[in-house]
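Chemist: Based on the provided sequences and hints, a complete structural model is requested.
Line order of the protein sequences matches chains A and B. Note that the first sequence ends on residue 568 in the numbering used here; no numbers are left out. Note that the second sequence ends on residue 486 in the numbering used here; no numbers are left out.
These aren't lab readings, by the way, just hints derived from the structure by calculation. No residue lacks a Cβ here, since even glycine has one placed at the ideal position from N, Cα and C. Each hint should be verified, as a subset may be incorrect.
In silico contact screen, one side only, chain B against chain A (beta carbon under 8 Å); selected entries [unchecked claim]:
id : residue
1  : His123
2  : Gly126
3  : Ala407
4  : Val409
5  : Gly428
6  : Arg430
7  : Val451
Below, simulated DSS-like cross-link-like pairs (lysine-lysine); rule was C-alpha separation at most 30 Å, straight line [stated by the list, open to error]:
id : chain 1 : residue 1 : chain 2 : residue 2
8  : A       : Lys174    : B       : Lys401
9  : B       : Lys125    : A       : Lys148
10 : A       : Lys194    : B       : Lys425
11 : B       : Lys125    : A       : Lys174
12 : B       : Lys396    : A       : Lys174
13 : B       : Lys425    : B       : Lys396
14 : B       : Lys425    : A       : Lys174
15 : A       : Lys174    : A       : Lys542
16 : B       : Lys125    : B       : Lys155
17 : B       : Lys179    : A       : Lys542
Each chain is listed here by its residues.
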Amino acid sequence: MLAGPMVDPHKLPEDRSEAGFGDFKPALGPAQALAEANRCLYCADAPCVQKCPTGIDIPEFIRKISTGNLKGSARTILDANIFGMSCARVCPVEVLCVGGCVYNEMDAPPIAIGRLQRYATDAALAENWRYFEAGPDSGRSVGLVGGGPASLAAAHELRRRGHACTIYDAGHWLGGLNTTGVAPYKLRADDALAEVAYVLGIGGIAVESGVQVGRDVGWDALLARHDALFIGVGLGADRTLDIPGKDLAGIEGAVAFIEKFKLGRVDLAAVKRAVVVGGGNTAIDAVRELVGLGVPEVTMLYRGDEAAMSGYEHEWNAAKVEGVRALWHTQPTAYLGRGGRVAGLRCVKLGADKRPLPGEVLEVPAELVLLAIGQARLGELVAGLEGVQLEGGRIVVDADGATGHSRVFAGGDCANGGKEVVNAVAEGKRAAQAIDRALTAGASK
Amino acid sequence: MAFGTSVDLTSNTGGIVTPNPFWLASAPPANSGAQIMRAFDAGWGGAVWKTLGTPIQNVSSRFGAHHFKGTRAIGFNNIELITDRPLEVNFREIAEVKKRYPKHGVIVSLMVETRDEWRDIIKRAIDAGADGLELNFGCPHGMCERGMGSAVGQEPALNEKITSWAVEFSTVPVLVKLTPNVDEINPHGLAAKRGGAHGVSLINTIKSIIGVDIDRFVPEPRVGGLSTNGGYCGAAVKPIAMHMIGCLARDPDFGLPISGIGGVANWRDAVEFILLGCSSVQVCTEVMLRGYRVVGDMIEGLTEYMRSHGFSTIEEMRGKAVPQFSEWGELDLNYETVAKIDPAKCIGCHACVVACHDGAHQCIHPAPKEAGTRVPVVDESECVGCNLCQIVCPVPDCITMAAVDNGFKPATWNEFVSEGKTLRPKKGAH
Numbered sequence: 124m125l126a127g128p129m130v131d132p133h134k135l136p137e138d139r140s141e142a143g144f145g146d147f148k149p150a151l152g153p154a155q156a157l158a159e160a161n162r163c164l165y166c167a168d169a170p171c172v173q174k175c176p177t178g179i180d181i182p183e184f185i186r187k188i189s190t191g192n193l194k195g196s197a198r199t200i201l202d203a204n205i206f207g208m209s210c211a212r213v214c215p216v217e218v219l220c221v222g223g224c225v226y227n228e229m230d231a232p233p234i235a236i237g238r239l240q241r242y243a244t245d246a247a248l249a250e251n252w253r254y255f256e257a258g259p260d261s262g263r264s265v266g267l268v269g270g271g272p273a274s275l276a277a278a279h280e281l282r283r284r285g286h287a288c289t290i291y292d293a294g295h296w297l298g299g300l301n302t303t304g305v306a307p308y309k310l311r312a313d314d315a316l317a318e319v320a321y322v323l324g325i326g327g328i329a330v331e332s333g334v335q336v337g338r339d340v341g342w343d344a345l346l347a348r349h350d351a352l353f354i355g356v357g358l359g360a361d362r363t364l365d366i367p368g369k370d371l372a373g374i375e376g377a378v379a380f381i382e383k384f385k386l387g388r389v390d391l392a393a394v395k396r397a398v399v400v401g402g403g404n405t406a407i408d409a410v411r412e413l414v415g416l417g418v419p420e421v422t423m424l425y426r427g428d429e430a431a432m433s434g435y436e437h438e439w440n441a442a443k444v445e446g447v448r449a450l451w452h453t454q455p456t457a458y459l460g461r462g463g464r465v466a467g468l469r470c471v472k473l474g475a476d477k478r479p480l481p482g483e484v485l486e487v488p489a490e491l492v493l494l495a496i497g498q499a500r501l502g503e504l505v506a507g508l509e510g511v512q513l514e515g516g517r518i519v520v521d522a523d524g525a526t527g528h529s530r531v532f533a534g535g536d537c538a539n540g541g542k543e544v545v546n547a548v549a550e551g552k553r554a555a556q557a558i559d560r561a562l563t564a565g566a567s568k
Numbered sequence: 057m058a059f060g061t062s063v064d065l066t067s068n069t070g071g072i073v074t075p076n077p078f079w080l081a082s083a084p085p086a087n088s089g090a091q092i093m094r095a096f097d098a099g100w101g102g103a104v105w106k107t108l109g110t111p112i113q114n115v116s117s118r119f120g121a122h123h124f125k126g127t128r129a130i131g132f133n134n135i136e137l138i139t140d141r142p143l144e145v146n147f148r149e150i151a152e153v154k155k156r157y158p159k160h161g162v163i164v165s166l167m168v169e170t171r172d173e174w175r176d177i178i179k180r181a182i183d184a185g186a187d188g189l190e191l192n193f194g195c196p197h198g199m200c201e202r203g204m205g206s207a208v209g210q211e212p213a214l215n216e217k218i219t220s221w222a223v224e225f226s227t228v229p230v231l232v233k234l235t236p237n238v239d240e241i242n243p244h245g246l247a248a249k250r251g252g253a254h255g256v257s258l259i260n261t262i263k264s265i266i267g268v269d270i271d272r273f274v275p276e277p278r279v280g281g282l283s284t285n286g287g288y289c290g291a292a293v294k295p296i297a298m299h300m301i302g303c304l305a306r307d308p309d310f311g312l313p314i315s316g317i318g319g320v321a322n323w324r325d326a327v328e329f330i331l332l333g334c335s336s337v338q339v340c341t342e343v344m345l346r347g348y349r350v351v352g353d354m355i356e357g358l359t360e361y362m363r364s365h366g367f368s369t370i371e372e373m374r375g376k377a378v379p380q381f382s383e384w385g386e387l388d389l390n391y392e393t394v395a396k397i398d399p400a401k402c403i404g405c406h407a408c409v410v411a412c413h414d415g416a417h418q419c420i421h422p423a424p425k426e427a428g429t430r431v432p433v434v435d436e437s438e439c440v441g442c443n444l445c446q447i448v449c450p451v452p453d454c455i456t457m458a459a460v461d462n463g464f465k466p467a468t469w470n471e472f473v474s475e476g477k478t479l480r481p482k483k484g485a486h
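Modeler: Structure (structure tokens):
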């Protein structure tokens, strides 16, 4: 089993700030899991499955929990989604599988599918139950650019079909946002890394970390080295606001800030008030995390209103319960500073037409401002790849992840613009199957 | 009662009169005077004292259970024997209970071997104050190997002979407790009648292996490295009990009062047993699992049922379902039902779809995609009305089996054979 330093949880700092977070949805014990599993109606053609991007046979894995076949339960999950452990924790199940549960139709509590999935997959990882072997060596090789869930899921699927895989990741830790970006009350970095190690355990996946395509290796070289390429590079840096005061200390991108406290330690002792600009799920994660990190007053500042925010309602409801407040229809126009550090934001109120309301100016004090207004697209990365089309910075792919280049496929955030882990896994796996078809048909090289 | 029909729950089983028809069966909950007095305080109308005979030695590890999908002990079994307490202690306590609870029924279960032993133990039970006797001809484990219990119940001649001894020696009503471990119950009920019994009680437990320890390869309950067959009871045996009760109740040659036993766990079960001809019901497993307190709901539920159906006494409702317990050859082959799914209640689980496709007649289908609904569609031209969909549906009253007027006059198999009556075309038989 390959477990290099880039997936070794023990190499993470023990005192990192995320370690202080508890589980928002705690693990089920055996009695709880059994009681919940026994409630499942074992639907046929089940709506929960239809809502799962990876199509996990949910009634089947739950039935296996209820019969005491826990090993088989995890197999059912991981066969469909090798990241079943992290998806169990980070999936927005309220709008996916659980949202589809037929119990909702009878106004009864839906099955806690995510928590049951965690129950089975936690056991599989803890016991290192291994289900999938690499296929017989095909003599073909695939390069995967980016080391997040999309590439890893693709690589795992390609290994099951016997193709050699090499992952090129620009960072140090593997796992992409699962490792660096997921809210710690859902999934901590050490667990994410343990899962990556489990995925790599199929063997035959080489990892070259710290390698940035374009800087350290060119596309031509990769295309010469491999029969096919999969691009799963995710998204780029946090977008910033080009307003006066933008260079003050204490203004950070939300994704960068989250990575910092997940992998290391942040000191927020001087922060009494924090503002997060944005209304998406990263913004909601950030406000909840700041509360968890002990910031006394956390405000979400958004130019629209509650109904217009793109973040999930169930997440925002949780944030409200935890004490976050919001300023709606508000847009920053300048950072206020004191001694080189940010001290607040000057803002305008926006009307229904999203235009500033004359005279409606307010100042919001804050010692920390996080920007969660989107991330840069990495489309320019593929500029040298003939035939690969971009649209709004996203790599254009078909349903199989194929680009306009016959040997290049893509999936995950760089292609879908930024969705869930489960979407990245599904896209990676589908692309791997398409690559396999192409390679075994002898259609490439 | 403050309003409505006045309801009297008084029960009379072959001359044994109790304030209500709910008795503790002869079993661990009726093992001692202290227990039975607590049961009477909780509301039980009678108790059949755990079988008296020559006190035995029990094994440790005596009970086993069949759990199903999260429900504990839908079936239960035991390898416990008759009383292990000294007879004089039991008789002293019987006298104490009768002194304190003169209106409640104390029926004493007995199991001995010789005529002299029967004479002696019956005299002592009656001297202690027994309101009735129950002859344990049913126990299917441990005692039968010694020539007692079901060894008697399975031999009509022996059953009749011992019953006649008991009736000869007794001055109180004698019930014979029958074993279900026989192919037909009627010869055994009739043997008890010929012996002079005042009534019967059934069923005793069913021979069973309740489970197997799949790591040790030993059946359960495990006694060291071995196990043995036990007596099966609890909710799961209720259909078997009701069938045997119904067979006796409809037998014109029988006619004795019946105390019903076997899976009675709530008032609804009791109603069913009474409608099938029982004058009283006996409960063990439900009390073992949940305590004497369950009788409160039984009394209230039965009372409400009787009031809502206009019955003022148990006798008025007793046996109401017996005439409708018939033979297959008397069923109307032209009676036709089809499944109807209430779209307002359906939750779209497709349990009916898969059950119909794999277990029935492939007539319930998912709605076509363009319909935009998960409410399945019943192809009524193919539906044989088997009830399977209604059985698997998790939503109460969502699927109903609606009678269809197919234009055919009723015709039974017997009528078809003897009179050539016209049968409707078969459905789903292609």
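Chemist: Does each hint fit the structure? Answer for all of them.
Modeler: These are the hints, each one checked on the structure:
1. Annotation: interface hint on histidine 123 (chain B) violated; nearest CB of chain A at approximately 10 Å, more than 8 Å.
2. Nearest Cβ of chain A to the Cβ of glycine 126 (chain B): about 3 Å, under the 8 Å cut. The hint holds.
3. With a least beta-carbon distance of about 6 Å to chain A, the hint placing alanine 407 (chain B) at the interface is held under the 8 Å criterion.
4. Interface restraint check: valine 409 (chain B) against chain A, minimum CB-CB distance 6 Å, threshold 8 Å, status holds.
5. The interface hint given for glycine 428 (chain B) is violated, since its Cβ lies 13 Å from the closest Cβ of chain A, which is over the 8 Å cut-off.
6. For arginine 430 (chain B), the interface hint holds, since its Cβ comes within 8 Å of a Cβ in chain A; the closest pair sits about 7 Å apart.
7. Annotation: valine 451 (chain B) was flagged as interfacial toward chain A, and the flag holds, the nearest CB pair being 6 Å apart, inside 8 Å.
8. For the proposed pair lysine 174 (chain A) and lysine 401 (chain B), the alpha carbon gap of about 22 Å is at most 30 Å, so the pair holds.
9. Between lysine 125 (chain B) and lysine 148 (chain A), the direct Cα distance comes to roughly 25 Å. Compliance with the 30 Å bound is thereby established for this hinted pair.
10. Under the criterion of a C-alpha separation no larger than 30 Å, the hint pairing lysine 194 (chain A) with lysine 425 (chain B) is inconsistent with the structure, at around 35 Å.
11. At roughly 26 Å between alpha-carbon atoms, lysine 125 (chain B) and lysine 174 (chain A) fall within 30 Å of each other, so this suggested pair holds.
12. The hinted pair formed by lysine 396 (chain B) and lysine 174 (chain A) meets the criterion: a straight-line CA distance of about 28 Å does not exceed 30 Å.
13. Proposed proximity of lysine 425 (chain B) and lysine 396 (chain B) is supported: the alpha carbons are some 20 Å apart, at most 30 Å.
14. Simply put, lysine 425 (chain B) and lysine 174 (chain A) have alpha-carbon atoms about 16 Å apart, close enough for the 30 Å limit, and the pair holds.
15. Between lysine 174 (chain A) and lysine 542 (chain A), the direct Cα distance comes to roughly 15 Å. Compliance with the 30 Å bound is thereby established for this hinted pair.
16. Under the criterion of a C-alpha separation no larger than 30 Å, the hint pairing lysine 125 (chain B) with lysine 155 (chain B) is inconsistent with the structure, at around 46 Å.
17. Only pairs whose Cα atoms come within 30 Å are accepted, and lysine 179 (chain B) paired with lysine 542 (chain A) is rejected, the gap being roughly 85 Å.
In terms of the numbered hints stated before, the structure departs from hints 1, 5, 10, 16, 17, listed from lowest to highest.
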